[in-house]
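J.: Numbered by our numbering, the letters in the sequence shown go through residues 2 to 336 in order.
Rather than coming from a laboratory, the hints here were simulated on the basis of the structure. Treat the hints with care, since some could be wrong.
[What the hints assert, rightly or not] The list that follows gives simulated cross-link-like pairs (lysine-lysine, DSS-like), each with its CA atoms no further than 30 Å apart:
id: 1; residue 1: K245; residue 2: K201
id: 2; residue 1: K201; residue 2: K317
id: 3; residue 1: K317; residue 2: K245
[To be verified] DEER-style ranges, computed between Cβ atoms:
id: 4; residue 1: Q246; residue 2: T129; range: 32 to 40 Å
id: 5; residue 1: V179; residue 2: I319; range: 34 to 42 Å
id: 6; residue 1: T69; residue 2: E235; range: 40 to 48 Å
id: 7; residue 1: I114; residue 2: E235; range: 42 to 50 Å
id: 8; residue 1: P67; residue 2: Y307; range: 40 to 48 Å
id: 9; residue 1: L143; residue 2: Q110; range: 23 to 31 Å
id: 10; residue 1: Y307; residue 2: P152; range: 35 to 43 Å
id: 11; residue 1: E128; residue 2: Y307; range: 26 to 34 Å
Please read these numbers as outputs of a predicted model, since none were measured by experiment. Just so you know, even glycine gets a beta-carbon here, dropped at the ideal spot from N, CA and C.
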Amino acid sequence: MKHFACTLLVSITIALIPSTSRISAALPAPDDAGGIGHNSPTLSQEVSGNQLTFAVTADMRWYSGPGTYDTLQYFRGTCEAIADAGSGLFMVSPGDIDPPADVRWTITQTLGITYTWYPVAGNHEAETAADMDWLRSYDYGLVNPGPSGCPTTTYSFDCQDTHFVMLNEYCDTSGDTVTDGDVTDHLYDWLVDDLNTTTKEHIFVFGHEPAHPQPDADNGRVRHVGYSLDQYPEHRDRFWNLLKQRSVTAYICGHTHNYSAVRIDGVWQLDAGHARGLGDTGARSTFVLIHVDGTVVAYETYRDNYDGGPYVLAHKGILAGIPVYLPLVMNAYSE
Numbered sequence: 002m003k004h005f006a007c008t009l010l011v012s013i014t015i016a017l018i019p020s021t022s023r024i025s026a027a028l029p030a031p032d033d034a035g036g037i038g039h040n041s042p043t044l045s046q047e048v049s050g051n052q053l054t055f056a057v058t059a060d061m062r063w064y065s066g067p068g069t070y071d072t073l074q075y076f077r078g079t080c081e082a083i084a085d086a087g088s089g090l091f092m093v094s095p096g097d098i099d100p101p102a103d104v105r106w107t108i109t110q111t112l113g114i115t116y117t118w119y120p121v122a123g124n125h126e127a128e129t130a131a132d133m134d135w136l137r138s139y140d141y142g143l144v145n146p147g148p149s150g151c152p153t154t155t156y157s158f159d160c161q162d163t164h165f166v167m168l169n170e171y172c173d174t175s176g177d178t179v180t181d182g183d184v185t186d187h188l189y190d191w192l193v194d195d196l197n198t199t200t201k202e203h204i205f206v207f208g209h210e211p212a213h214p215q216p217d218a219d220n221g222r223v224r225h226v227g228y229s230l231d232q233y234p235e236h237r238d239r240f241w242n243l244l245k246q247r248s249v250t251a252y253i254c255g256h257t258h259n260y261s262a263v264r265i266d267g268v269w270q271l272d273a274g275h276a277r278g279l280g281d282t283g284a285r286s287t288f289v290l291i292h293v294d295g296t297v298v299a300y301e302t303y304r305d306n307y308d309g310g311p312y313v314l315a316h317k318g319i320l321a322g323i324p325v326y327l328p329l330v331m332n333a334y335s336e
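Can you make the complete structure from the sequences, with help from the hints?
T.: In structure tokens, the structure reads:
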């Protein structure tokens with residue numbers, strides 16, 4: 002039975018870092034970067050203080066499912082670490098999730114059969130007919146359909162006071178696998194209409210390819226520069242300006258296998274890196290938890306040790322709002 006994250010009435014809180022075998026407490030490394038009524042299907046949730054936590058994973062392709070890779074050193078280890086960290090209400094994976102049936106299997110084995118997963122098409126799904134057939138037939142729940150060409154693999158939805166948009170960047174009028182990664186006029190026009198409709202306070206846009214490929218935050222590895230949305234700079238810049246104009250909280254992507262969180266011309270780009278464990282030892286395996294608490298949006302990035310080992314809190318920061326910490330308030334009144 003498929004469970005849609007925000008249709009249940011549940012109480013959640015901001016995830017804490019428990020002391021477990023797959024999560025090790027560590028001081029966060031400093032980050033270099035500084036630092037909308039909608040007709041959308043609404044995924045309701047009974048929470049205190051309008052709080053929402055969700056997980057992001059990407060690029061775990063081939064290292065999931067039953068068999069050889071069903072060990073803690075691969076995507077299963079990522080999912081178990083997410084469970085240890087509190088799971089969040091749902092997971093979003095911005096691409097290179099093939100075969101998606103295997104990824105879904107690992108998620109259900111570790112996070113439960115009712116845990117909701119929102120997949121996004123990546124370049125490797127777009128080049129594999131069986132993967133796209135699976136994604137087209139997947140039950141995404143109550144979502145707004147995408148434009149002609151990709152009505153099922155582009156979609157949007159609301160959860161609490163947050164709007165989520167999932168873009169298939171391989172879509173155009175003639176189909177959902179017809180470009181090599183671009184925000185075409187057709188996809189852009191749909192996104193304009195979608196963003197113009199929402200009145201939610203926070204907006205997250207997801208797509209597989211970064212607009213501005215960045216080096217890995219920890220070791221500086223660079224991949225896919227010139228082979229991401231930046232290969233079409235006019236379309237990329239138009240897309241980025243739209244995100245800025247609509248006050249999008251963050252654009253969240255994958256593709257490079259490198260983790261980074263940077264603010265570019267007023268808009269955050271968060272590349273979730275890869276979640277394949279030992280499948281790529283050139284950068285640390287990664288997952289991100291994003292916490293929405295009223296006006297404040299924060300992120301926590303957990304990474305392994307390059308060797309499929311325990312995930313530790315490696316980076317954290319604020320994407321929106323100004324957090325107020327009770328001890329600071331109390332100190333101010335005591336002086």
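J.: Now tell me, hint by hint, if it's right for this structure.
T.: Verification of the hints:
no.	hint	result
1	K245 <-> K201	holds, 15 Å
2	K201 <-> K317	holds, 24 Å
3	K317 <-> K245	holds, 22 Å
4	Q246 <-> T129: 32 to 40 Å	holds, 35 Å
5	V179 <-> I319: 34 to 42 Å	holds, 38 Å
6	T69 <-> E235: 40 to 48 Å	holds, 44 Å
7	I114 <-> E235: 42 to 50 Å	holds, 45 Å
8	P67 <-> Y307: 40 to 48 Å	violated, 25 Å
9	L143 <-> Q110: 23 to 31 Å	holds, 26 Å
10	Y307 <-> P152: 35 to 43 Å	holds, 41 Å
11	E128 <-> Y307: 26 to 34 Å	holds, 29 Å
This entry does not satisfy hint 8, going by the numbered hints stated previously; all others are met.
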